[in-house]
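Undergrad: Okay, here's what each chain looks like letter by letter:
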Amino acid sequence: QEIGKNTFGKGIFNTISKDSTWSMKLGLRMQYLTSVGLETDINNQFNFTQNNFKTDTKVRRYRLKFDGFVLSPKVKYKIELGMSNNDVGSASVYTKSGSKLILDAVLKWNFYKNLELWAGQTKLPGNRERVISSANMQLVDRSLLNKEFTLDRDMGFQLRNNHIIGKQLLIREIFAITQGEGRNITTGNVGGQQYTSRIEVLPFGAFISKGDYKGSDLKREPIPKLAIGATYNHNDRASRQRGSQGSIIDLIDDSGSAEDHVFTMTDVNTTFVDFMYKHNGYSAMGEFAYRNADDTTIGTNPVKTGKAYNLATGYLFNNNYEIATRYTQIDYKGIGNTTEQYTLGVSKYIVGHKLKVQTDLSYTTVDSMPEGLQLRLQFEVHF
Amino acid sequence: QEIGKNTFGKGIFNTISKDSTWSMKLGLRMQYLTSVGLETDINNQFNFTQNNFKTDTKVRRYRLKFDGFVLSPKVKYKIELGMSNNDVGSASVYTKSGSKLILDAVLKWNFYKNLELWAGQTKLPGNRERVISSANMQLVDRSLLNKEFTLDRDMGFQLRNNHIIGKQLLIREIFAITQGEGRNITTGNVGGQQYTSRIEVLPFGAFISKGDYKGSDLKREPIPKLAIGATYNHNDRASRQRGSQGSIIDLIDDSGSAEDHVFTMTDVNTTFVDFMYKHNGYSAMGEFAYRNADDTTIGTNPVKTGKAYNLATGYLFNNNYEIATRYTQIDYKGIGNTTEQYTLGVSKYIVGHKLKVQTDLSYTTVDSMPEGLQLRLQFEVHF
Amino acid sequence: QEIGKNTFGKGIFNTISKDSTWSMKLGLRMQYLTSVGLETDINNQFNFTQNNFKTDTKVRRYRLKFDGFVLSPKVKYKIELGMSNNDVGSASVYTKSGSKLILDAVLKWNFYKNLELWAGQTKLPGNRERVISSANMQLVDRSLLNKEFTLDRDMGFQLRNNHIIGKQLLIREIFAITQGEGRNITTGNVGGQQYTSRIEVLPFGAFISKGDYKGSDLKREPIPKLAIGATYNHNDRASRQRGSQGSIIDLIDDSGSAEDHVFTMTDVNTTFVDFMYKHNGYSAMGEFAYRNADDTTIGTNPVKTGKAYNLATGYLFNNNYEIATRYTQIDYKGIGNTTEQYTLGVSKYIVGHKLKVQTDLSYTTVDSMPEGLQLRLQFEVHF
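Protein chains in written order, with my numbering: chain A, -19 to 363; chain B, -19 to 363; chain C, -19 to 363.
Wrong hints could be hidden among the right ones.
A pair counts as met if it fits within one copy or between any two copies, since identical chains are not told apart.
Stated by the list, open to error - Simulated pairs of lysine-lysine, PhoX-like, Cα-Cα distance not exceeding 25 Å:
id: 1; residue 1: Lys(-10); residue 2: Lys88
id: 2; residue 1: Lys34; residue 2: Lys103
id: 3; residue 1: Lys328; residue 2: Lys58
id: 4; residue 1: Lys328; residue 2: Lys54
id: 5; residue 1: Lys127; residue 2: Lys199
No wet-lab data here; the hints were simulated from the structure.
Construct the entire structure; sequences and hints are all you get.
TA: Following this line, the structure appears as structure tokens:
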């Protein structure tokens, strides 16, 4: 195929080879974010003086995406690279001190009926908000629930199935066994593997264009659609505060090379229940998250246990402006603080999620801590 | 468009989509540099013994460039990634310890007549030599003036205008408001914003092919062309030795996360006056730079204030060989040394700036310091 | 050329421009590796209990490759970028603390008859196994000989020649003069240059499709083919344990910037003799390596001197399954241990080296140290 055959937003190229032995779509996308924040002063008042504002401007995400099939449409691949300094995460001795460029690098083999085997590094079937691509978000960014509870990405294998019961009841089952240390680790596994199971129920059938994993009802579902999902994750002898993510609980021995470090470990379990509902431009997404651990006290950075709620809802007007709101609550055990965040957002979808401008205003309150206001403005271009 | 339709140097592809909703040019370029240096010995003599030479070989620059428009030719974008270890700059806690791959990531919206709004990360309208792409240089690399005084890149907004007065007097006005911390910062703004204003006057009209921002008169301007520019930059409460660039002046508190560091700050102002003249293969470029600060004494690395001159001139022979010379002088206040550098260069433009071999010899003298000689050889390939 | 004209494994595109001024082939490849290891316990027994296994899963290699010619087919280029955390190597002050993305960046100019001048960064003409691309290996990865003795990549110049004597005796001569510090160094040369000479003799003529530098006899050479090579390398005043590779021998002065560090240095010499034989699906490769140094005692990390053998052999069945074995022995002087490794591998070449699954089992024994078993599984996709 020639380059430039596609309309904007459909890939720089998206081609099947002449002999049908492979295909590739090349995507490129960029998010540019400016934000202004303000905290309450010692009198617990917002003081709107210029010097009190904290501003932040950055290339929030910059991605190169390759996907398609090899040999047969039954063997698909997906590769996504992140290039911005925000994407590459923090280098550590466990990543060869290198920038973590690779986000996804996964093969998906549909080996029997609806059964797919995935091998490689990609997102785990965790909370819905996490699995929704950062290209398809309803507000400027994901919620605090996601920040604190996400299973994020991992390396290993996933088995996926789906089937329809009766006329339209769609069921999906996913099981993953992965290394449990998060993405781009070069020094091998610590402790045991990580096991993730997820089931999804869509009582009224599939959403248009996979809308159960996209923010906002851009397709204006003509009949109501609902998806309910539940995930249970067990990280056997995890080494980090949030299972595969966050700070290391503790190092018992860091005298050797990074491969030989000895970690403090405990089993960590995470549960999610979530839903997505869409109809006629109206959308609602809810999530509940819960994490516990075998030993919640060991280490200088003990596992963060507790629960969180998140509810987002929006309405898309005919002119492709959307107003959306979100409420998030985080309750970490032992920390004694409840965090609450209220967000109000306005988006203009110029070419759907491919070219859009989004802004939102968040008010955050934490027990006996300064309150915060944050205004964000982001635009996205997605070839 | 098919790949390979263009002749060498015009992009790997350069295409407008069939429905004219977007366009993209993909460029790739590489510079390979070898240099040999020698310093005077304790008797202030150059001792041309083999072991005294210091050699250095490297991939100086390796870039991937995407530019074009989205939706309308009035909305342009430019993305440039740097991949060599020289390009990626030094990782720090303010860049998530990651390689700084993104050089430019900017949208340019021509929203009214000649008015353009730029948003994103790109070069500031500072000294002319800096804005000239490193692909289009007359000598092997930029001068010491640029090294010490450049405003480099920043994140934020620029407003650009241009108009013609009378028959051919071209005036350009640029105003930028940016974060003031330099490129790829992930930890937000420190102090105030950075404000940059520039005016350019081209009394004899525009140069052929934007030649006022390209080294050497490759187009052999048939009538004399002149561009004069002046920039004033104000970095409100800057935190680094050269405004947005260089070492941190001082950290008052580095106990928290990088976002919470407290910096020593002072206002920094930089002024540039520069010109470019071209006629019939002859070109001359001159720059004057001046930096001062509100408080020139605070911190362990106080702001570097002072002034600098730079004058380069070259003549392009009919066989596309060029001989060029450059004189640069740096006077930093309080340091008590004047640096002077004389450079003589020879270039062969095989396919203009797209395929060229350049060599230059520099003699550097600093008051009461060893003198230096440096011979450099560089070739560039630019698809 | 259009994208997708080629069959799988022949490049995403591979095109000559319409006016024949340049060409480019774009390749993309990924290796995904899972391994399980076990060491003997204090009773020198393998205890096959689950918790004793050490597992490791990673994107082993992720590469983007550009090659072709500029201006004339006599001026070729090759650029290869590595993107996985395993590829980018360890950042250091000598690489601007940046990820080492660039593997190859080299121009190859065929300036006279069979004489080629190479300039840039690429592999040195060292041991055969190293020069075989990691895309074309017979087993999951290279041997321990390569790990301990490779000359790897360097920056500088290579001169290459080849000629045929008589009917089919093919001789190749290569001479390289390079910086001697390894790839992606930004701080210039330490000590003297590195000199590498190699001669190759192919008594029965060239292999099909450059098979003397590819693992496995995928072309099933109809008549026996043999290649014998010998390399001598001299690293004048080297600063690292393995010449241009490995830990720094010692720093005499690290007080200044990285460019000004003063290193402990000694001359390091490395010799290789190797061969490749192929016939009818059967292949055998052997290597001998020897390293010595002028001073083998200086520094906290003295130069590792000694010798190593490596012999690999395999047979490719008609169904494109291959069974291969390898024996490697490393004898480092002064360390008093001999390392021996036995490897047995099975590969399925689905589309040659472009799409393959490989597994191997290695048994490693080191004098008076625990013995090790390692099972590896790797798949490769190469567009």
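Undergrad: With identical chains treated as interchangeable, where does the CA-CA distance between Lys(-10) and Lys88 reach 25 Å or less: within a copy, between copies, both, or neither?
TA: both (21 Å within a copy, 22 Å between copies)
Undergrad: Using 25 Å as the alpha-carbon threshold, which applies to Lys328 and Lys54: within, between, both, or neither?
TA: Intra 37 Å, inter 19 Å, cutoff 25 Å: inter-copy only.
Undergrad: Using 25 Å as the alpha-carbon threshold, which applies to Lys127 and Lys199: within, between, both, or neither?
TA: neither (28 Å within a copy, 53 Å between copies)
Undergrad: Classify it for me, Lys328 with Lys58: is the Cα-Cα distance of at most 25 Å met within a copy, between copies, both or neither?
TA: between (29 Å within a copy, 23 Å between copies)
Undergrad: From the Cα coordinates, with 25 Å as the cut-off, is the pair Lys34 and Lys103 best called within, between, both, or neither?
TA: The answer is between: 23 Å across copies meets 25 Å, while 32 Å in one copy does not.
In this structure, the one hint that does not hold is number 5.
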